[in-house]
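So the chains spell out like this:
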Amino acid sequence: MLDDQKFLADLQDSNADVRFAAWRQAGQASPAVIPQLGKLAASSQPGSAKAAREALATMTHAVGKDPSAPIRAAVVKGLLDLSGDGYALPVRVHALRLLSGIAGPDAVPALVKWIQQPDLREEVVFCLERIPGPAAAKALLAAYRDAPDIFKPRLLAALGHLRVAEAVGLCTEAMRSANAEIAVAAVKAFGRIGAKPATPPALPDPKTLSAWQQIERLDGILRYAEARAKEGDAAEALRVYRQALERPEEHWQCAAVIGLARLGSAEAAAVLLTRLNSPNSTVRITARNAWKSMAASKA
Amino acid sequence: MKTSRRRFLKHTGAAAAGGALLFDIVPARALGLQGQPAPSDVLNLGHIGIGGRGRGFLRPEADLGKQVPAPPNLGGEGTRFLRPARSMALCDVDAQRLDMAATRVGGKPKLYRDFRRLLEDPDVDAVYIASPDHWHALHTILACQAGKDVYVEKPACNTIQEGRAMVAAAERYGRVVQVGSQGRSQPAAWQAANYIRAGRLGRVRKVACWHYASPAGDWTPDADPPPTLDYDLWVGPARWVPYNPRRTHGSFRWMIDFGGGQIRDRGAHVMSIANWIMDADHTGPVSVEAKGEPPHDGMYDSGVTMEVTYEFRNPEWTLIWAQPGTPSTELDARYGAVYWGETGNLTVTLGDGQGTATDLKAKDFAAHCDCGKAFKSPGHAENFEDCIRTREKPIMHMEAAHRVASLCVLGNISFQLQRKLEWDPVAERCKNDDEANRLLSRPGRGPWHL
Chain G
1 MLDDQKFLAD
11 LQDSNADVRF
21 AAWRQAGQAS
31 PAVIPQLGKL
41 AASSQPGSAK
51 AAREALATMT
61 HAVGKDPSAP
71 IRAAVVKGLL
81 DLSGDGYALP
91 VRVHALRLLS
101 GIAGPDAVPA
111 LVKWIQQPDL
121 REEVVFCLER
131 IPGPAAAKAL
141 LAAYRDAPDI
151 FKPRLLAALG
161 HLRVAEAVGL
171 CTEAMRSANA
181 EIAVAAVKAF
191 GRIGAKPATP
201 PALPDPKTLS
211 AWQQIERLDG
221 ILRYAEARAK
231 EGDAAEALRV
241 YRQALERPEE
251 HWQCAAVIGL
261 ARLGSAEAAA
271 VLLTRLNSPN
281 STVRITARNA
291 WKSMAASKA
Chain H
1 MKTSRRRFLK
11 HTGAAAAGGA
21 LLFDIVPARA
31 LGLQGQPAPS
41 DVLNLGHIGI
51 GGRGRGFLRP
61 EADLGKQVPA
71 PPNLGGEGTR
81 FLRPARSMAL
91 CDVDAQRLDM
101 AATRVGGKPK
111 LYRDFRRLLE
121 DPDVDAVYIA
131 SPDHWHALHT
141 ILACQAGKDV
151 YVEKPACNTI
161 QEGRAMVAAA
171 ERYGRVVQVG
181 SQGRSQPAAW
191 QAANYIRAGR
201 LGRVRKVACW
211 HYASPAGDWT
221 PDADPPPTLD
231 YDLWVGPARW
241 VPYNPRRTHG
251 SFRWMIDFGG
261 GQIRDRGAHV
271 MSIANWIMDA
281 DHTGPVSVEA
291 KGEPPHDGMY
301 DSGVTMEVTY
311 EFRNPEWTLI
321 WAQPGTPSTE
331 LDARYGAVYW
341 GETGNLTVTL
351 GDGQGTATDL
361 KAKDFAAHCD
371 CGKAFKSPGH
381 AENFEDCIRT
391 REKPIMHMEA
401 AHRVASLCVL
411 GNISFQLQRK
421 LEWDPVAERC
431 KNDDEANRLL
441 SRPGRGPWHL
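Residue numbers (the working numbering), protein chains in the order written: chain G, 1 to 299; chain H, 1 to 450.
Do not take every clue at face value.
[Said to hold, decoys possible] Pairs of lysine-lysine, BS3-like flavour, derived with a Cα cap of 25 Å:
1) H/376 x H/393
2) H/373 x G/292
3) G/65 x H/431
4) G/39 x G/6
5) H/431 x H/206
6) G/113 x G/77
7) G/65 x H/291
8) H/361 x H/376
9) G/77 x G/138
10) H/393 x G/298
11) H/393 x G/292
12) G/65 x H/420
13) G/196 x G/230
14) H/420 x H/291
15) H/363 x H/373
16) H/206 x H/361
17) H/66 x H/110
18) H/376 x H/363
[Stated by the list, open to error] Estimated spans, in silico, between C-beta atoms of each pair:
19) H/432 x G/199: 39 to 45 Å
20) G/197 x H/213: 52 to 58 Å
21) H/425 x G/24: 26 to 32 Å
22) G/5 x H/420: 29 to 35 Å
23) G/169 x H/103: 52 to 58 Å
24) H/100 x G/234: 48 to 54 Å
25) G/145 x H/227: 35 to 41 Å
26) H/95 x G/24: 42 to 48 Å
27) H/424 x G/5: 42 to 48 Å
28) H/432 x G/292: 37 to 43 Å
[Claimed, not checked] These stretches of chain G come out as covered by chain H in the derived footprint (C-beta under 8 Å, 3 or more residues):
29) 14-23
30) 42-56
31) 62-76
32) 152-160
33) 206-215
If you're looking for bench data, these hints aren't it; they were derived computationally from the structure. Beta carbons: idealized from backbone N, C-alpha and C, even for Gly.
Please construct the entire structure, taking both the sequences and the accompanying hints into account.
Structure follows, in structure tokens:
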């Protein structure tokens, strides 16, 4: 272990090389110095503040590889304290970003306390998204109910990113929101999760959406089909691709023929066949290439 | 909404069915008479990010109908002419840059601050993306979603997950995506590729890149963003930091979150050629170990000095990125790579807009043998625009670009964590390293998500 007082003094040295040498050794420092590093990270001396931030990062990385590292819990606890009310906002943000790399499920209750704080909630969600396991996902789900409308799309994005199957019901409900931002965010999350709901969802009416939201809506549906195909639910994927194929837009037709070729079934091939002579050259070439790749994969 | 001829054709796919109707209403000029290219032969381009790099892709309205030489910094040989194209839509978060680009293009391009408005425009066929690095992934993915073919500047992505999502988007929509590591389109890289692939060096066991160090930077106070800049949109999906002129236009590169230093900037050129020559476009290393130092002071955080060692298997070879490293003794250049084989070595320098050079022996070999193995690109932009028509994959396709960017990203992660990473290039995960695996993705911010 380092001499804590010398370590802290070196981080504030006027010589940048001395500060650097100190922060590089921070992996050997005691987690007991974390509160002092938090204060130093808010210093008006930018060199000392940087050295303290880098020291915190080095301590974090030193315990980051192995979740069972002996002092990892102490470092997490120290960083959780820094994320609390007693520290300057940039320090709290820095602590949350570091926690995103090492915090485990045990840290979730402490983190979620700040999720309704407007100046911190984005960082809390960022941190939760990186914590593996169901605890963070459950916390995000629970936070949705009390979140203001402006933040609901962000929470939906996190649930989609984490592919939280338990969030499918929430997504289908949110798709019916009168707020188009929420409704489209729900379709996007739904597509990324890719789980089939108990009853077919009522997708937002395209007429109520902007041009961009319509693009996002369709992308969500295509991702859903892709996920269903990966799960072996070819019938559901085929249903979606058939619909996409009827759209006038060239790239949705292309996406449909590519999806059909990936399904590779006789039924999918029969649908794909109808586009091999499409008058649109991009669709035609894409369909022919897809057909060839499907045939090659069967050979 | 007014329906243009292009929009009608693109969205109905009814050229054959509606042929007679179109024949009746299309004026002579539209058929390519009067010295003008037919509109259907003209690529309608959108441009996202038109600062220093992005301006190089603009196609002025006044050039339409003229023979426009291909830019020499994008590879190819001899004098070549670009396919007719017009820059019909321009987008930048900085109004000042937007105005400058509009003046340069002439005519009446559509101007946008929000790239989504540009991507919605069905008249835009393809986009050139030269936004800051932290935007490359989302701009590309969303452009694919909107049905555009994409030329995006390197490095392809800032995280492994971004790169994989870009590959998925290009494949999902069947879009052509060319990434701007143009070294592969330069004749010297092609000569070197043929020379090495023909076994003229024996088996290559080591590729050693050299490059000068990144700047250390200083302290510049944060400030209010200039009124012409939409700073929140500039930050986009990255973690929020207050505006600072020394980490936005031009100098964002020295921040890990935005640019990632020399290794991600020039590494995406030099190591792109290495991956191409070594036939590693669909794989990756099994270990990555970075050493070196970040700035001791100042606001930047990317490595000033770095030496990153990548070990590949099946076949076994080692790639080294070193800034500074050991320059070639054969050719004088500020960066490049030496390919060390069993029977000799070969230098390939640069690989970016400054051109590429290689040893005379590779040039002679290319001139005097049947070198049919490596694809010879006509030039990076021409290759892209050819592929728009043929729907083939361009020379720096998305999977290849993702694999090159992965080298850069993993080098930085190892550098940040100060430890060796064991990498599974199939699963694209680190072995036994929880924190490193979390750094393979970066959750988005606000509305910006993969």
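Hint-by-hint comparison with the structure:
1. For the given pair, residue 376 of chain H sits about 13 Å from residue 393 of chain H by alpha-carbon distance, which is consistent with the 25 Å threshold.
2. About 23 Å separates the Cα atoms of residue 373 of chain H and residue 292 of chain G, which keeps this hinted pair within 25 Å; it holds.
3. Taken as a hint, the residue 65 of chain G and residue 431 of chain H pair is honoured in the structure, with Cα atoms around 10 Å apart against an allowance of 25 Å.
4. Using a Cα cut-off of 25 Å, the hinted pair residue 39 of chain G and residue 6 of chain G holds, with the two alpha carbons roughly 16 Å apart.
5. Of the pairs offered as hints, the one joining residue 431 of chain H and residue 206 of chain H holds, with about 24 Å between alpha carbons and a cut-off of 25 Å not exceeded.
6. Distance check on the hinted pair: residue 113 of chain G and residue 77 of chain G sit about 15 Å apart at the alpha-carbon level, within 25 Å; holds.
7. Note on residue 65 of chain G and residue 291 of chain H: the hinted pairing holds, with a Cα-Cα distance of about 17 Å set against a maximum of 25 Å.
8. For a cut-off of 25 Å, the pair hint linking residue 361 of chain H to residue 376 of chain H stands: about 18 Å separates their Cα positions.
9. The suggested pairing of residue 77 of chain G with residue 138 of chain G holds, with an alpha-carbon distance near 21 Å, which does not exceed 25 Å.
10. Of the pairs offered as hints, the one joining residue 393 of chain H and residue 298 of chain G holds, with about 22 Å between alpha carbons and a cut-off of 25 Å not exceeded.
11. Simply put, residue 393 of chain H and residue 292 of chain G have alpha-carbon atoms about 15 Å apart, close enough for the 25 Å limit, and the pair holds.
12. Distance restraint check for residue 65 of chain G and residue 420 of chain H: the Cα-Cα separation of roughly 11 Å lies within the 25 Å cut-off, and the hinted pair is therefore satisfied.
13. Restraint check for residue 196 of chain G and residue 230 of chain G: the C-alpha separation of about 12 Å stays at or below 25 Å, so the hint holds.
14. Taken as a hint, the residue 420 of chain H and residue 291 of chain H pair is honoured in the structure, with Cα atoms around 9 Å apart against an allowance of 25 Å.
15. Restraint check: the Cα-Cα separation between residue 363 of chain H and residue 373 of chain H comes to about 15 Å, which is no more than 25 Å; the hinted pair holds.
16. With a CA separation close to 19 Å, the supplied pair residue 206 of chain H and residue 361 of chain H stays within the 25 Å bound.
17. Annotation: proposed proximity of residue 66 of chain H to residue 110 of chain H holds, straight-line Cα distance about 22 Å (limit 25 Å).
18. Between residue 376 of chain H and residue 363 of chain H, the direct Cα distance comes to roughly 14 Å. Compliance with the 25 Å bound is thereby established for this hinted pair.
19. Taking 39 to 45 Å as the suggested C-beta distance range, the pair residue 432 of chain H and residue 199 of chain G conforms, at roughly 43 Å.
20. A beta carbon spacing of about 54 Å between residue 197 of chain G and residue 213 of chain H agrees with the range 52 to 58 Å that was offered as a hint.
21. Between residue 425 of chain H and residue 24 of chain G the beta carbon distance is about 30 Å. The supplied range of 26 to 32 Å therefore holds.
22. Range check, residue 5 of chain G to residue 420 of chain H: about 33 Å between beta-carbon atoms, so the 29 to 35 Å window is met.
23. In this structure the hint that residue 169 of chain G and residue 103 of chain H lie 52 to 58 Å apart at CB holds, the actual value being about 53 Å.
24. Checking the proposed 48 to 54 Å range against residue 100 of chain H and residue 234 of chain G shows it holds: the Cβ atoms sit about 52 Å from each other.
25. Evaluation of the 35 to 41 Å hint for residue 145 of chain G and residue 227 of chain H yields a pass: the beta carbon distance comes to about 40 Å.
26. Distance hint check for residue 95 of chain H and residue 24 of chain G: the Cβ-Cβ separation is about 43 Å, which falls inside the suggested range of 42 to 48 Å.
27. The supplied range of 42 to 48 Å is met by residue 424 of chain H and residue 5 of chain G, whose beta-carbon atoms lie about 44 Å from each other.
28. Taking the beta carbon of each, residue 432 of chain H and residue 292 of chain G are about 41 Å apart, inside 37 to 43 Å as hinted.
29. Residues of the segment 14-23 of chain G lying with their CB closer than 8 Å to a CB of chain H number 4, which satisfies the three-residue condition for coverage.
30. Judged by the Cβ-Cβ criterion of 8 Å, the segment 42-56 of chain G is covered by chain H as claimed, because 4 of its residues qualify and three suffice.
31. Closer than 8 Å: that is the beta-carbon criterion, and the segment 62-76 of chain G has 4 residues meeting it against chain H, so the requirement of 3 holds.
32. Beta-carbon proximity to chain H at under 8 Å applies to 5 residues in the segment 152-160 of chain G; the threshold of 3 is reached and the given coverage holds.
33. Three residues within the 8 Å Cβ limit are the bar, and the segment 206-215 of chain G against chain H gives 3, so the coverage statement holds.
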